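Model the full structure from these sequences, guided by the hints.
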Amino acid sequence: MPTTPAPLYVLTGSPSCQVAVALRLGDEGEAVRCLQLRLDQVTPSSDVAVNGVFGAETDSQVRLFQAVHSLTADGIVGPQTAGLLGIWNPTPAAPPAAQPVIGQSDVYYENCTAVRAAGADPIRRGEPGYRSDLDADDDGVGCE
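Reminder that position 71 of the sequence shown reads as 57 in the working numbering, one-by-one numbering, no gaps.
Hints are supplied without guarantee of correctness; some may be wrong.
Claimed, not checked - Label-pair restraints from in silico Cβ distances: (1) T77 x V54: 27 to 37 Å; (2) S31 x L11: 17 to 27 Å; (3) L11 x T77: 20 to 30 Å.
Hints are computed from structural coordinates only; laboratory data are not their basis.
As the structure is a computational prediction, the values presented were derived from the model and not from experiment.
Idealized CB from N, CA, C, for every residue including glycine.
Take a look at the structure:
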């Protein structure tokens, strides 16, 4: 009785990360680690080393994936390859919302934005929380 071969790749399941830049041999970091995690997740017959280094093993796995899916097998993981893997997201995530810093006053600074606990008025010279280093035009109003 003939048996059905196991699929090379199972492109199901949600990826746990995303990449926003093309990756290639020699790259290192969290984006490469993301790629390796996803390759490991979708490749039942292979155990990809998840070490954040785009070395020969990762390159070989990427080229095989590209060839099987009729992509240019160049080893570069860009919009097509990462898109098929479900990890392509060239739009950076929004920065996290500013969190209050508890101190001596109800004023805190985050990225040169003066914020009061109950409003968003600029902080004026002489008021609690005023910092001259955040008053770029030296007009007595910080973070305007």
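Hints and how they fare:
{"no.": "1", "hint": "T77 x V54: 27 to 37 Å", "result": "holds (28 Å)"}
{"no.": "2", "hint": "S31 x L11: 17 to 27 Å", "result": "holds (22 Å)"}
{"no.": "3", "hint": "L11 x T77: 20 to 30 Å", "result": "holds (26 Å)"}
Checked against the numbered hints given earlier, this structure breaks none of them.
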